[in-house]
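Protein sequences appear in the order of chains A and P.
Using the numbering used here, you'd call the opening residue of the first sequence number 1 and step up by one each time.
Using the numbering used here, you'd call the opening residue of the second sequence number 236 and step up by one each time.
FYI, nobody ran anything at the bench for these hints, they're computed from the structure.
Hints may contain errors.
[What the hints assert, rightly or not] Derived pair list, reagent style DSSO-like, types lysine-lysine, alpha-carbon separation capped at 30 Å:
id, chain 1, residue 1, chain 2, residue 2
1, P, Lys340, P, Lys320
2, P, Lys320, A, Lys15
3, P, Lys320, A, Lys14
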Amino acid sequence: MTPIDDLRGRETLKKGAAAAWPICLGYIPIGLAFGVLAQKIGLSPVQIGLMSLLVFAGSAQFIAVSMLASGASAASIIATTFMVNLRHLLMSSSLAVYLVGRHRAILSLFAYGITDESYGVNLDKFRSGNWGIGPALALNHTANIVWVLSTAAGGYGGQFIPPGAFGIDFALTAMFICLLVFQLRDRRSVIAAAISGIVAVLLSVLIPGNLYIVLASVAAATAGLLVRPAGTKEV
Amino acid sequence: MSGSEYLFIIAAMGLVTYIPRWAPVFWLTRRPMPQWLVQWLELIPAAILSALLVPVLVTSGQPRQIDFGRLDLLVALPTFLFALKTRSLGGTVVFGMALYWLVDKLM
Chain A
1 MTPIDDLRGR ETLKKGAAAA WPICLGYIPI GLAFGVLAQK IGLSPVQIGL
51 MSLLVFAGSA QFIAVSMLAS GASAASIIAT TFMVNLRHLL MSSSLAVYLV
101 GRHRAILSLF AYGITDESYG VNLDKFRSGN WGIGPALALN HTANIVWVLS
151 TAAGGYGGQF IPPGAFGIDF ALTAMFICLL VFQLRDRRSV IAAAISGIVA
201 VLLSVLIPGN LYIVLASVAA ATAGLLVRPA GTKEV
Chain P
236 MSGSEYLFII AAMGLVTYIP RWAPVFWLTR RPMPQWLVQW LELIPAAILS
286 ALLVPVLVTS GQPRQIDFGR LDLLVALPTF LFALKTRSLG GTVVFGMALY
336 WLVDKLM
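One chain only, chain A, in its complex shape (with noise of 0.2 Å):
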């Protein structure tokens, strides 16, 4: 396979963007509550949509706003987008396996896109195969226009879905809990997944912010490595 050709055609697109209806469905409401808030502030729809498209990352997003809210400073602000996004670091490393001799222009865009639920999705299909950076960069993107459109609508003042309707607050986590199913595949990623959640609860009652997502999973994977895959014998 040449490195683009499975960026072309429609069906490419329409393979991507399709996959990517359970990130939107928990995207709308999300963004929506985030532009309703970053309205309340004085940001105008139109530079809420501006910090969804350069920015893209939402728990970032909502804690800037408050932030701007109390008058932080700029520095401040940066700072712990910085900190709250280094969790990207571990998800795209975990995404090059499947990435390795792409076109480098094409890599650079498709990191853009990378966001916990973009990461979550496209990991399981890189996985199972039949999946491909042009279908990825379909449903990055299809999330991301959602995203930005959905924030810029709720700084109209739009709280367009009551809170609490159809459930669609528990999208996200129903989504994940799914994903998570899909990546236990053996002894060692169960036990990986295990250590995981206890260390990332035990740390997340212990320090503010969420530097506990990164320090879990590197513990967890750490400890998976030395777990013995089943079916080999100790040398």
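Following the hints, complete the assembly by docking chain P onto the known chain A.
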């Protein structure tokens, strides 16, 4: 805050968010990775998804505290079983939402 100050802040936020997203896919894809790194990275998804999910289910408040009484946790357990049984992403999302909505109504 002026408009240009806001622009500066969000541009810088965008940059510091982009770099950790970009550096690994850009640099780690130049040549095949050593086997131990591939094996380690293959455990990262299960670990990271668990680290993203579990604290959301069993903690609440700010600062966070352990809380096993959350609706999210109650609904997560049958949703987990549903996902195990069906292995359907769309089905799980719809099932989870419907159950969450129903339990929320009843409680």
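Open item on the list: Would the hint linking Lys320(P) and Lys14(A) be met if the CA-CA limit is 30 Å?
Closed with: The given pair, whose Cα atoms are some 28 Å apart, holds under the 30 Å limit.
Open item on the list: Between the alpha carbons of Lys320(P) and Lys15(A), is the straight-line distance 30 Å or under?
Closed with: Distance ~25 Å between Lys320(P) and Lys15(A) Cα, so the pair holds.
Task: Satisfaction of hint between Lys320(P) and Lys340(P), Cα-Cα up to 30 Å - done: holds, 26 Å
Checked against the numbered hints listed earlier, the structure breaks none of them; every hint is satisfied.
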